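J.: Work out the full structure: start from the sequences and follow the hints.
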Amino acid sequence: MILKLNTNKILVYMTDYWTRTFFIELYRMKKTLNYLYYIAFIIVFLVLIDTIFTSDIDYGSTWEAMQAGFKDGQDANPL
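Numbering-wise (full-length UniProt numbering), the sequence shown opens with residue 1 and increments by one.
Derived from the structure by calculation, the hints contain no laboratory data. Only a predicted model underlies this, so the values are computations on that prediction, with no experimental measurement involved. Ideal Cβ positions, reconstructed from N, Cα and C, are used throughout, including at glycine. Be aware that one or more of the hints could be misleading.
[As the list claims (entries may be wrong)] Using C-beta positions, here's what the derived DEER-type ranges look like: (1) T21 to T51: 23 to 31 Å; (2) T54 to R20: 45 to 53 Å; (3) D50 to M29: 28 to 36 Å; (4) T54 to T19: 50 to 58 Å; (5) F53 to D16: 51 to 59 Å; (6) T54 to T32: 26 to 34 Å; (7) T19 to I39: 36 to 44 Å; (8) T21 to I52: 41 to 49 Å; (9) Y27 to D50: 29 to 37 Å; (10) Y17 to V47: 43 to 51 Å.
T.: See the structure below:
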């Protein structure tokens with residue numbers, strides 16, 4: 001009976017240790033994930049701003065103006 005009680009104490013202690021360790025790691029991961037969310041939000045925000053400022057709205061007229069400067073048969077993109 002004493003041996004079983006000691007074993008239970010050890011198991012409870014180990015379970016408590018691993019549970020606390022697990023939650024500490026979860027907390028650290030949560031902090032890390034928050035930083036990753038912030039970084040991802042900044043990247044998405046920058047891509048959105050880039051998309052807005054380089055929209056395709058005026059490409060048609062610009063492309064036509066560029067094409068008017070080329071001679072007949074000259075490729076617009078030599079590469």
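J.: Could you work out which earlier hints the structure fails to respect and list their numbers in ascending sequence?
T.: Hints 1, 7 are the ones this structure does not satisfy, whereas the remaining hints hold.
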